[in-house]
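Protein chains: 2
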Amino acid sequence: MAQDKPARRPRAEPPKGFRDYFGAEVTERKAMLDKIAEVYHRYGFDPLETSAVETVEALGKFLPDVDRPNEGVFGWQDEDADWLALRYDLTAPLARVAAQYRNDLPSPYRRYAMGPVWRNEKPGPGRFRQFYQCDADTVGSASVAADAEICAMLSDALEVVGIPRGDYVVKVNNRKVLNGVMEVAGVLDPLDPERFSAERGIVLRAIDKIDRLGDDGVRALLGEGRKDESGDFTKGAGLTPDQAEIVMGFISAKRATGAETVARLRELVAGSAMGAEGVQELESIAELLAAQGYGTDRIVLDPGVVRGLGYYTGPVYEAELTFDILDEKGRKRQFGSVAGGGRYDDLVKRFTGQSVPATGVSIGVDRLLAALRAKGRVSADTTGPVVVTVMDRDRMADYMAMVGELRAAGIRAEAYLGNPKNFGNQLKYADKRASPVAVIQGGNEAAAGTVILKDLILGAKIAESATLEEWKDRPAQVEVPRADLVAAVKRMLAQ
Amino acid sequence: MAQDKPARRPRAEPPKGFRDYFGAEVTERKAMLDKIAEVYHRYGFDPLETSAVETVEALGKFLPDVDRPNEGVFGWQDEDADWLALRYDLTAPLARVAAQYRNDLPSPYRRYAMGPVWRNEKPGPGRFRQFYQCDADTVGSASVAADAEICAMLSDALEVVGIPRGDYVVKVNNRKVLNGVMEVAGVLDPLDPERFSAERGIVLRAIDKIDRLGDDGVRALLGEGRKDESGDFTKGAGLTPDQAEIVMGFISAKRATGAETVARLRELVAGSAMGAEGVQELESIAELLAAQGYGTDRIVLDPGVVRGLGYYTGPVYEAELTFDILDEKGRKRQFGSVAGGGRYDDLVKRFTGQSVPATGVSIGVDRLLAALRAKGRVSADTTGPVVVTVMDRDRMADYMAMVGELRAAGIRAEAYLGNPKNFGNQLKYADKRASPVAVIQGGNEAAAGTVILKDLILGAKIAESATLEEWKDRPAQVEVPRADLVAAVKRMLAQ
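Chains A and B are the protein sequences, given in the same order.
Take the first sequence: its position 22, counted from the start at 1, is 22 in the working numbering, and no numbers get skipped.
Take the second sequence: its position 340, counted from the start at 1, is 340 in the working numbering, and no numbers get skipped.
Derived from the structure by calculation, the hints contain no laboratory data.
Incorrect hints may appear among the rest.
All copies of an identical chain are treated as equivalent in the list; a pair is satisfied when it fits inside any one copy or across any two copies.
To be verified - Below are the EDC-like pairs computed for lysine to aspartate or glutamate, each with C-alpha atoms no more than 20 Å apart in a straight line:
no., residue 1, residue 2
1, Lys227, Glu71
2, Lys375, Asp167
3, Lys61, Asp78
4, Lys35, Asp156
5, Lys122, Glu71
6, Lys227, Asp211
Here the structure is a predicted model, which is why all the values come from computation and not from measurement.
Model the full assembly from the supplied sequences, consistent with the hints where possible.
Here you go:
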């Protein structure tokens with residue numbers, strides 16, 4: 001008989017850039033997000049869960065003059081010819097919801113959202129095309145009290161998940177101050193906002209590169225331009241050295257106290273109304289935070305925070321972890337940023353035509369989780385189940401009864417449900433499950449009305465240290481009456 | 001100056017068939033899933049979170065002879081020409097993971113998964129294109145102890161979320177018994193498994209319609225066929241009345257006790273080896289469950305459970321809620337099924353060529369949540385925050401200090417962050433937020449060092465009943481020293 005040629009088998013792998021999360025990876029993240037959600041709840045924020053799919057139109061991810069969605073999103077055309085796409089962040093869906101339900105939601109509307117987002121980008125090491133975000137935003141409040149509140153909440157959230165005070169700092173800056181600085185430096189004309197916009201773009205991009213290029217590199221980009229190591233030339237903003245010094249002065253305006261920083265900024269933006277407004281906002285935020293007991297050990301004014309200044313319209317904030325970790329090459333480096341946010345005052349304008357002020361923060365879930373792991377601060381129960389082994393497959397009901405008793409007593413437990421023939425496989429299974437205790441009842445024990453409990457944690461320790469001496473007072477294996485099973489397992493687990 | 005013609009504004013709505021979940025909708029579902037996860041954990045199941053996106057190849061959703069994915073999934077072609085799609089259930093990703101990690105995972109592998117799945121189907125009332133599933137499966141165990149365990153776990157899960165014993169029943173059936181019945185009825189030949197497959201398909205579809213068509217309708221479909229009300233004729237399986245009676249006897253084989261049901265089934269499948277095997281499996285499941293204390297008040301053998309019999313290969317189980325609810329027309333009806341599952345022994349065969357036995361259950365998250373709501377059993381804290389109102393916008397720091405103290409004491413609280421000019425709006429906001437207490441401090445109170453607390457819950461009750469008399473001992477508004485703010489709010493919340 002001719003054999004059918006088998007069809008090619010599908011590859012058992014996820015698409016490139018996607019991954020699976022097993023066991024503790026899931027529960028550790030969940031434990032962290034649950035704690036953050038408690039803080040958000042206490043601050044009056046309500047959860048919002050939008051669907052993963054939005055219309056491309058609502059996301060605003062259309063290429064101009066092209067009828068396909070922008071790169072960067074996973075999109076497809078549905079049967080009604082509408083383009084749909086997976087959300088790439090949690091802010092775009094919030095904007096849609098804030099517009100759609102503007103007459104029903106409380107105003108201001110405080111909401112938090114936690115969930116995956118998708119980016120159609122080249123995956124790389126540690127860079128995935130699906131990852132979690134954890135956002136909190138206040139929509140409809142123009143008050144800097146809303147910004148201050150989010151900074152305080154971010155500080156509380158970091159402490160509650162296990163980052164001790166002193167190991168993090170929330171830094172606050174303000175886009176309006178930078179605008180004031182640019183006005184003073186001569187690249188912003190309040191009477192003609194469009195003028196110099198190319199130069200301002202270069203200034204924004206230049207200061208955003210301060211960490212990589214250092215002061216001299218940024219100075220070059222503020223001036224005529226900069227030739228990089230490969231010889232490529234990047235055109236600069238064309239500021240004179242004096243003008244450039246004003247911008248550089250902004251980045252390095254941080255002083256020992258908030259009051260001194262404010263005084264320094266006020267000097268820098270002297271003569272700019274918008275700059276003065278920005279400094280006033282920073283001062284208010286510091287005052288509001290001080291009134292709630294948040295001192296500079298937790299939240300500081302720092303004009304050196306430049307990330308996002310091009311996007312946000314007022315206060316900008318960023319949480320940095322200040323402890324050292326070892327990088328992949330074994331070098332010490334600061335852990336760095338785990339959260340950032342700020343004020344963006346045109347959240348729903350695309351939909352409604354009306355400006356609605358909003359401010360919010362996004363926590364980088366994977367980075368924060370990595371930080372907690374680096375500090376040994378993850379909290380998830382990784383203990384495996386008690387494994388009831390199967391010596392006699394005809395007495396499965398007896399073994400399941402043991403498991404049932406253990407579970408009813410709140411103990412994580414299971415019977416070995418593979419082929420019980422090879423007992424060694426059962427112990428290997430218990431080992432793979434990180435099982436703390438194996439329960440064994442063969443024919444002799446059944447006849448005697450007993451069970452054997454094997455302390456697998458102790459057993460592993462004995463195997464490691466090889467000196468049985470130190471463990472001699474604690475038997476790695478005990479035989480107890482069947483009726484004492486639950487109590488004896490509890491004793492062993494408590495050791 | 002000519003005005004620019006504004007671009008058409010995007011519609012502020014989700015795609016058709018998708019929806020948003022607000023506040024308590026999110027927390028109630030989360031609370032339910034957290035409780036279920038605790039039960040699954042105690043049973044030794046580990047969480048698994050796969051990504052939303054799979055290759056269409058891994059999902060197995062290709063149309064035959066067509067290079068586009070099947071309808072029913074949301075799919076798109078990525079830049080490498082691979083077809084990707086959103087998962088339509090949690091079983092297909094499990095199959096991929098079980099194949100991919102077959103050398104690393106413990107075997108048997110118990111896993112649970114909770115999360116959204118997507119169906120590209122016509123949306124309808126209450127039918128959405130993204131919804132939650134909550135699955136638990138055991139991969140790699142051929143033992144019916146694995147099936148029994150999942151039935152017990154399902155029973156525990158239902159009780160732990162708030163369905164009292166007696167208000168639900170887990171029903172167990174077995175596909176092999178049906179095969180035995182079909183063998184006896186003459187539409188299955190063990191020596192030639194392909195023979196009569198068309199007839200068996202008709203039999204399976206017929207008994208699946210028992211709820212809608214009743215005994216006579218099914219009998220007609222088992223025989224020559226059936227003409228429906230519109231006059232359309234559906235061809236039947238062509239069984240003689242005697243053969244049809246055997247199949248009908250299977251559906252109605254449930255007796256007062258499990259032992260009697262087993263005896264009745266054994267009669268029906270007399271002469272069929274596969275039928276006898278199925279009956280034996282049902283008997284073993286009943287015995288294993290009884291050994292763990294799960295009696296027929298929780299789990300029963302019921303050959304009337306026909307859903308999924310065409311898909312599963314051995315034991316089949318279904319959880320039904322037995323209490324009445326009122327349907328949309330005000331008629332009493334039983335709530336019905338909230339979970340179902342069974343054994344499917346070819347989970348990873350598509351990937352590896354090897355048969356791997358598996359059994360699992362899927363809880364219909366939205367249906368179970370609806371049931372809990374109908375019974376008033378949802379548990380989520382829906383109390384809004386204490387709202388500190390703003391009488392004097394220059395003293396924002398004072399109000400934020402109050403909020404900070406309340407939050408530090410674990411009380412959900414917020415300041416009003418909208419425009420404070422209209423005080424009525426602030427109280428309307430507090431009402432919309434379901435706030436229990438409003439805190440008020442105007443200039444007089446500030447000078448006197450006091451705050452006013454308004455009991456909004458009591459206020460609402462007084463407004464409803466209109467007889468102030470019954471509330472006269474409990475003032476709806478008190479003035480307390482500023483220093484007593486937290487203690488006084490706590491007292492008011494405790495009332």
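Classify it for me, Lys122 with Glu71: is the Cα-Cα distance of at most 20 Å met within a copy, between copies, both or neither? Classified as within; 11 Å inside a copy, 28 Å across copies.
I want to check one pair: Lys227 and Asp211. Are their C-alpha atoms no more than 20 Å apart within a copy, between two copies, both, or neither? Answer is within; shortest intra-copy Cα gap is 17 Å, inter-copy 78 Å.
If the cut is 20 Å between Cα atoms, do Lys35 and Asp156 qualify within a copy, between copies, both or neither? within (10 Å within a copy, 26 Å between copies)
From the Cα coordinates, with 20 Å as the cut-off, is the pair Lys375 and Asp167 best called within, between, both, or neither? Close inside one copy (10 Å), not across copies (47 Å); limit 20 Å.
20 Å Cα cut-off: does Lys61 pair with Asp78 within a copy, between copies, both or neither? both (16 Å within a copy, 17 Å between copies)
Intra- versus inter-subunit Cα pairing at 20 Å for Lys227 with Glu71: This pair counts as neither: shortest intra-copy Cα distance 30 Å, inter-copy 54 Å.
Violated hints amount to a single one, hint 1; each of the other numbered hints is respected by the structure.
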